[in-house]
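S.K.: Listed here are the chains, written in short residue letters.
There are 2 protein chains.
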Amino acid sequence: MAAEEIHRASTHAPVNIAVIKYWGKRDPKLNLPTNGSISVTLSQDDLRSHTTASCAPSFTGDSLTLNGQAEDISGARTQACLRELRQLRREVEAQDSHAPKLADMKLKIVSENNFPTAAGLASSAAGFAALVRAIAFLYQLPTSPTDLSRIARQGSGSACRSLQGGYVAWNKGEKDDGSDSVAYEVAPASHWPDMRALILVASSDKKDVGSTAGMQQTVASSTLFQHRANEVVPKRMHAMEKAIHDRDFEAFAALSTKDSNNFHACCLDTDPPIFYLNDTSRAAIRLCEMINSRHDRSVCAYTFDAGPNAVVYYLANDEEAVAGYFKALVGDKPGWEGKRGQAIQAAQKSVLAGGEEVAAKLLQTGISRVILTGVGDGPRRVEEHLC
Amino acid sequence: MAAEEIHRASTHAPVNIAVIKYWGKRDPKLNLPTNGSISVTLSQDDLRSHTTASCAPSFTGDSLTLNGQAEDISGARTQACLRELRQLRREVEAQDSHAPKLADMKLKIVSENNFPTAAGLASSAAGFAALVRAIAFLYQLPTSPTDLSRIARQGSGSACRSLQGGYVAWNKGEKDDGSDSVAYEVAPASHWPDMRALILVASSDKKDVGSTAGMQQTVASSTLFQHRANEVVPKRMHAMEKAIHDRDFEAFAALSTKDSNNFHACCLDTDPPIFYLNDTSRAAIRLCEMINSRHDRSVCAYTFDAGPNAVVYYLANDEEAVAGYFKALVGDKPGWEGKRGQAIQAAQKSVLAGGEEVAAKLLQTGISRVILTGVGDGPRRVEEHLC
Numbered sequence: 114m115a116a117e118e119i120h121r122a123s124t125h126a127p128v129n130i131a132v133i134k135y136w137g138k139r140d141p142k143l144n145l146p147t148n149g150s151i152s153v154t155l156s157q158d159d160l161r162s163h164t165t166a167s168c169a170p171s172f173t174g175d176s177l178t179l180n181g182q183a184e185d186i187s188g189a190r191t192q193a194c195l196r197e198l199r200q201l202r203r204e205v206e207a208q209d210s211h212a213p214k215l216a217d218m219k220l221k222i223v224s225e226n227n228f229p230t231a232a233g234l235a236s237s238a239a240g241f242a243a244l245v246r247a248i249a250f251l252y253q254l255p256t257s258p259t260d261l262s263r264i265a266r267q268g269s270g271s272a273c274r275s276l277q278g279g280y281v282a283w284n285k286g287e288k289d290d291g292s293d294s295v296a297y298e299v300a301p302a303s304h305w306p307d308m309r310a311l312i313l314v315a316s317s318d319k320k321d322v323g324s325t326a327g328m329q330q331t332v333a334s335s336t337l338f339q340h341r342a343n344e345v346v347p348k349r350m351h352a353m354e355k356a357i358h359d360r361d362f363e364a365f366a367a368l369s370t371k372d373s374n375n376f377h378a379c380c381l382d383t384d385p386p387i388f389y390l391n392d393t394s395r396a397a398i399r400l401c402e403m404i405n406s407r408h409d410r411s412v413c414a415y416t417f418d419a420g421p422n423a424v425v426y427y428l429a430n431d432e433e434a435v436a437g438y439f440k441a442l443v444g445d446k447p448g449w450e451g452k453r454g455q456a457i458q459a460a461q462k463s464v465l466a467g468g469e470e471v472a473a474k475l476l477q478t479g480i481s482r483v484i485l486t487g488v489g490d491g492p493r494r495v496e497e498h499l500c
Numbered sequence: 114m115a116a117e118e119i120h121r122a123s124t125h126a127p128v129n130i131a132v133i134k135y136w137g138k139r140d141p142k143l144n145l146p147t148n149g150s151i152s153v154t155l156s157q158d159d160l161r162s163h164t165t166a167s168c169a170p171s172f173t174g175d176s177l178t179l180n181g182q183a184e185d186i187s188g189a190r191t192q193a194c195l196r197e198l199r200q201l202r203r204e205v206e207a208q209d210s211h212a213p214k215l216a217d218m219k220l221k222i223v224s225e226n227n228f229p230t231a232a233g234l235a236s237s238a239a240g241f242a243a244l245v246r247a248i249a250f251l252y253q254l255p256t257s258p259t260d261l262s263r264i265a266r267q268g269s270g271s272a273c274r275s276l277q278g279g280y281v282a283w284n285k286g287e288k289d290d291g292s293d294s295v296a297y298e299v300a301p302a303s304h305w306p307d308m309r310a311l312i313l314v315a316s317s318d319k320k321d322v323g324s325t326a327g328m329q330q331t332v333a334s335s336t337l338f339q340h341r342a343n344e345v346v347p348k349r350m351h352a353m354e355k356a357i358h359d360r361d362f363e364a365f366a367a368l369s370t371k372d373s374n375n376f377h378a379c380c381l382d383t384d385p386p387i388f389y390l391n392d393t394s395r396a397a398i399r400l401c402e403m404i405n406s407r408h409d410r411s412v413c414a415y416t417f418d419a420g421p422n423a424v425v426y427y428l429a430n431d432e433e434a435v436a437g438y439f440k441a442l443v444g445d446k447p448g449w450e451g452k453r454g455q456a457i458q459a460a461q462k463s464v465l466a467g468g469e470e471v472a473a474k475l476l477q478t479g480i481s482r483v484i485l486t487g488v489g490d491g492p493r494r495v496e497e498h499l500c
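Chains as they are written, first to last, in our numbering: chain A, 114 to 500; chain B, 114 to 500.
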């Protein structure tokens, strides 16, 4: 009995958190955005999607398993990714007659996130980036990360930014076919390696409208949104690229917080209004303002995706000032138990001023855990296979 | 000993709640707004400022007492009102040599609100309208409400809309001296008398930035605000006037809720962001949406001023549908004990669907009382004097 011919490849892919936000599609089918966006890729040591793609002549159908659950693979978004990747594989096979005919085999994809899918941590971005990257490894495609981003984008818009590390921009693009709506590296993680992120994960609350539906409601009904997309964001894209090139945290902080608030303002201006920020989020914002005010400069910047979790960016030098402050308030929550969390000295609680106490109490009630992480690199090929 | 010559006049003045919001000044000194606004004057049977203005040769200084507390009368805003009213009185005295020389006497103003000043119920609007109206009565000025509105506006912008009953618009005006920035009647209360308002008063919470400072922060820093002021509001002003003329509640509801959300979106887009809506407000919004959805039409409209209180407008015919629904949720709070509140049949709690229960619980925790009221008339002269 011959051993079965199974081909497989595995990857880790990172989460990214935008600092100039993607919200709104000009083409919902191709996931073409109304405006560009910029994100920070977070370290896979902390948050990652781990995906194995395999194919074999014996497989009878494409399949996708996510965190142990069989998922529907027939959706248009996943199918678009598989179709494009198979097409690229066929080009490889056409040029090399010895290359095995993988494009015709069925795919088995198994994926696991090391963070709760429902936590609102851009799991679909990491997930689709990992899916595309794993299959590209399996197919031995020579395709560049930017070209792969065009494919991942069709799975989940923000996934295109998870195919590279460091600081990544997603070009809005002008063409109808989306060929120029791709992600590119603004700077690698090594350019500004001391960027840290503290994620304040909000207690599970019934989530408001999902982002796919929500953003199109905004496009259809907000009277402010087009102004954001056409006037506000383009200027910020340039300014944010410059802030990253210059390692100018003051500018980075001002742009990220303003853009987060601007995006949530457009959500509120949607009909019916969409609320992702809750009282806990608001408290986190106030506390960030208080930290900055106490230090008389921007030591931290907050940003919120389509959910109540605060992502607080700061530089390694300010870890005590920022993470130490939050450790004093929510040091009893899970997330501090690692080596890095333990090394952070909690601030003295006695420093809390009047207004802070109210916010601190809200945070204490509304936060379920924290995640300590920072800027990281792009997808890594791994030899640990999930199937 | 001759009896002392004391002149006095008293008035009640109403609260108004805008449905197209005033936010932002193009001239902070004259309280000239960046955009027009429209409000509903609420019944003085429920909410009112009661003010007595008196003057006498023996008075040695102008004084103002609000709810039993001496207030500073030397502020530029109050002084502007007194100066203009005295100027008009001088014109009266110049034309009638028998008219007593009141303009030269010091003024004693005593004012009482029948609602908590801190409740965020536009107390300054009612207060300044009552102050101006009481002095105008005292001085026997022939001035029209619209001309008085020009004076009251300098005390508190939205006060200009409390000098008339029913449905009142405040013209943005174009002139630098503010002479055309006045309030006018869109329609009297009798035109559409069945407009009701249920106010859900939020439990006292530390208020965010006050409106005077907040609106100028928005003007200075929001990237969306000018678009609101120049593009969004002007169209809504026309549409809202039409909705009122046509007694078209569906249009009235759509415009009020959208404009409230648009205003709060601009607050969120302010740097630093301003939050007036909290989780209780958000719950009230969701419940209003659910009521409308259940009835397949807009039976209610919500609007929020610079605070977390929801003002829910509805028509008398829908009192059971709207007020009865909220009575089922917060019927144990103060505010239902009057004749009208008792007559409202609370809805069956069993009708609550899943999402409603979460919102209902938030409302139960976050609401301290309700106020049942409706559209009402303009300031009334009264003979009950406070001094």
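These aren't lab readings, by the way, just hints derived from the structure by calculation.
For every residue, glycine included, the Cβ atom is placed at its ideal position computed from N, Cα and C.
Each hint should be verified, as a subset may be incorrect.
Unchecked claim - Chain A is faced by these chain B residues, among others (derived, beta-carbon under 8 angstroms):
1. L143
2. L179
3. A333
4. N375
5. R395
6. I398
Said to hold, decoys possible - These stretches of chain B come out as covered by chain A in the derived footprint (C-beta under 8 angstroms, 3 or more residues):
7. 336-342
8. 382-389
Unchecked claim - In silico DSS-like pairs for lysine-lysine, Cα to Cα no more than 30 angstroms straight-line:
9. B:K348 x A:K138
10. A:K142 x A:K285
11. B:K348 x B:K285
12. B:K474 x A:K446
13. A:K348 x A:K285
14. B:K288 x B:K348
15. B:K446 x B:K474
16. B:K138 x A:K348
17. A:K348 x A:K142
18. A:K474 x B:K446
19. B:K219 x B:K446
20. B:K474 x A:K474
21. A:K348 x B:K348
22. A:K462 x A:K474
23. A:K452 x A:K462
S.K.: Can you give the numbers of the hints that this structure goes against, from lowest to highest?
M.R.: When the structure is compared with the hints, numbers 1, 2, 3 and 19 turn out to be violated.
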